[in-house]
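Undergrad: We have chain A already, so just place chain B on it with the hints.
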Amino acid sequence: GAGVSQTPSNKVTEKGKYVELRCDPISGHTALYWYRQSLGQGPEFLIYFQGTGAADDSGLPNDRFFAVRPEGSVSTLKIQRTERGDSAVYLCASSLNRRGLGTETQYFGPGTRLLVL
Amino acid sequence: DQQVKQNSPSLSVQEGRISILNCDYTNSMFDYFLWYKKYPAEGPTFLISISSIKDKNEDGRFTVFLNKSAKHLSLHIVPSQPGDSAVYFCAASERFYGGSQGNLIFGKGTKLSVKP
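Protein chains in written order, with my numbering: chain A, -17 to 99; chain B, 1116 to 1231.
Just so you know, these hints were derived from the structure itself, not from any lab. Small disclaimer: the values here were computed from a predicted structure and weren't measured. Heads up, a few of these hints could be off.
[What the hints assert, rightly or not] Result set (DSBU-like, lysine-lysine): computed pairs, CA atoms no more than 30 Å apart in a straight line:
1. A:Lys(-7) with B:Lys1223
2. B:Lys1120 with B:Lys1230
3. A:Lys(-3) with B:Lys1223
4. B:Lys1223 with A:Lys60
5. A:Lys(-7) with B:Lys1226
6. B:Lys1226 with B:Lys1171
7. A:Lys(-3) with A:Lys60
8. B:Lys1183 with B:Lys1169
9. B:Lys1186 with B:Lys1226
10. B:Lys1226 with B:Lys1120
11. A:Lys(-1) with A:Lys60
12. B:Lys1223 with B:Lys1186
[As the list claims (entries may be wrong)] Chain B side only, calculated, beta carbon under 10 Å to chain A, not exhaustive:
13. Pro1124
14. Ile1220
15. Lys1223
[Claimed, not checked] Far from chain A, some chain B residues (derived; all Cβ distances over 12 Å):
16. Gln1129
17. Glu1130
18. Ile1135
19. Asn1137
20. Lys1153
21. Gly1158
22. Asp1170
23. Gly1175
24. Leu1181
25. Lys1183
26. Lys1186
27. Ser1189
28. Gln1196
29. Asp1199
Built from N, CA and C at the ideal position, the CB exists for glycine as well.
Bound conformation, chain B alone:
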């Protein structure tokens, strides 16, 4: 059973509008969450992260929101640009709880297309 789920395989957004990518998780021991962006034929590129002690982290056009009670996080991109078109992966780890070395558990990804 998947511990990290991205239920939308794809998302299409107009340039300048907001892109919202969603991610759900089932393991309550996860305490660190990351978003990666991946272009074709390249490795995932780190975008933004959030610790479970926070509910929001912002970096420029990118904001990640964490709702621990719902086991849900989302990535907001405002304003969206054509260069943001890529596959976005949500990942989670047990960073501070015992037993894990912080291996990342990934969702299947959401392909974002930003149309000019």
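If we strip away everything but chain A, and leave its shape as in the complex, we get:
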């Protein structure tokens, strides 16, 4: 079946602009995660959704970052007033995460490469 998809695959923007990154999880997966990977680093957690609600947003670096998942499926990561330091690959992952069984394996999308000039 279809895996996690992310659009756009690449995004170039200017400092100060607003960007939206989209994630379409695997059908039926209730848990959705956003990570950010900078050059030479492993992915770093940003935010986790269980259904429509953000269960854990402790990884968001500041209030310029916001994410939504209004219908419990597609999610959008929004970055306001972008800065050059926001340049990174933004990865989305999803998992079944059936309640009571703990977190299951997370499956990642290809990522969106964001470059802020």
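TA: Below, chain B alone, put in the same frame as chain A:
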């Protein structure tokens, strides 16, 4: 301070030999560990996982060993193939202990090159 460490940025192995990738962690609450493989311009691909109640998990050519007392895990690939050349990430989570939603904590990765 990094909770998951992969101290070898790169590893080169001859085709057919064993590849051993190492990972250390500091958080004793971690109870679930995963290895992901990543090719350039692609997202990480799940490879194999292990729960803290086990010390070994095997899947084909891939075996993960967990040493809880040393807070160390390793991934063995036997025999190594050129197609295994990629960056390998170790990840950990607190799957069953309270407080965490199972967010993955990643190491910085080890780039494996398998030479024909």
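Undergrad: State for each hint whether it applies.
TA: Consistency of the hints with the structure:
With a C-alpha separation of about 24 Å, the suggested pairing of Lys(-7) of chain A with Lys1223 of chain B holds against the 30 Å cut-off. For the given pair, Lys1120 of chain B sits about 25 Å from Lys1230 of chain B by alpha-carbon distance, which is consistent with the 30 Å threshold. With a C-alpha separation of about 27 Å, the suggested pair Lys(-3) of chain A and Lys1223 of chain B falls inside the 30 Å cut-off, and the hint holds. Restraint check: the Cα-Cα separation between Lys1223 of chain B and Lys60 of chain A comes to about 26 Å, which is no more than 30 Å; the hinted pair holds.
Under the criterion of a C-alpha separation no larger than 30 Å, the hint pairing Lys(-7) of chain A with Lys1226 of chain B is consistent with the structure, at around 26 Å. Proposed proximity of Lys1226 of chain B and Lys1171 of chain B is supported: the alpha carbons are some 23 Å apart, at most 30 Å. Proximity of Lys(-3) of chain A to Lys60 of chain A is assessed by CA-CA distance (about 15 Å); at most 30 Å being required, the pair is judged to hold. Annotation: proposed proximity of Lys1183 of chain B to Lys1169 of chain B holds, straight-line Cα distance about 9 Å (limit 30 Å).
Restraint check for Lys1186 of chain B and Lys1226 of chain B: the C-alpha separation of about 22 Å stays at or below 30 Å, so the hint holds. The suggested pairing of Lys1226 of chain B with Lys1120 of chain B holds, with an alpha-carbon distance near 14 Å, which does not exceed 30 Å. Annotation: proposed proximity of Lys(-1) of chain A to Lys60 of chain A holds, straight-line Cα distance about 11 Å (limit 30 Å). For a cut-off of 30 Å, the pair hint linking Lys1223 of chain B to Lys1186 of chain B stands: about 17 Å separates their Cα positions.
With 10 Å as the threshold, the beta carbon of Pro1124 of chain B comes within range of chain A, its nearest partner Cβ sitting at about 8 Å, so the hint holds. Annotation: Ile1220 of chain B was flagged as interfacial toward chain A, and the flag holds, the nearest CB pair being 7 Å apart, inside 10 Å. Proximity of Lys1223 of chain B to chain A holds as hinted, the smallest CB-CB distance being about 5 Å (cut-off 10 Å). Distance to chain A confirms Gln1129 of chain B as a non-interface residue, since its nearest Cβ pair spans about 26 Å, more than 12 Å.
Its beta-carbon lying about 27 Å from the closest one in chain A, Glu1130 of chain B satisfies the requirement of being farther than 12 Å from that chain. With a least beta-carbon separation of about 19 Å from chain A, Ile1135 of chain B lies farther than 12 Å from that chain, consistent with its non-interface assignment. Non-interface call for Asn1137 of chain B relative to chain A: holds, since the shortest CB-CB distance, roughly 15 Å, exceeds 12 Å. Annotated as non-interface, Lys1153 of chain B brings its C-beta within 12 Å of a C-beta of chain A; the closest such distance is 9 Å.
Not every Cβ of chain A is farther than 12 Å from the Cβ of Gly1158 of chain B; the closest lies at roughly 4 Å, contradicting the non-interface assignment. Listed as outside the interface, Asp1170 of chain B is consistent with that label: its C-beta sits roughly 19 Å from the nearest C-beta of chain A, beyond the 12 Å cut-off. The claim that Gly1175 of chain B is not at the interface with chain A holds, since no C-beta of that chain comes within 12 Å of its own (minimum 16 Å). Against chain A, the non-interface label of Leu1181 of chain B holds: every CB pair exceeds 12 Å, the least being about 16 Å.
Once the 12 Å rule is applied to beta carbons, Lys1183 of chain B is consistent with being away from chain A; the minimum gap is 18 Å. Here Lys1186 of chain B stays apart from chain A, with its beta-carbon at least about 17 Å from theirs, past the 12 Å limit. At roughly 17 Å from the closest C-beta of chain A, the C-beta of Ser1189 of chain B stays outside 12 Å, upholding its exclusion from the interface. Listed as a non-interface residue, Gln1196 of chain B keeps its Cβ farther than 12 Å from every Cβ of chain A; the least gap is roughly 22 Å.
With a least beta-carbon separation of about 18 Å from chain A, Asp1199 of chain B lies farther than 12 Å from that chain, consistent with its non-interface assignment.
Of the numbered hints listed earlier, those contradicted by the structure are 20, 21.
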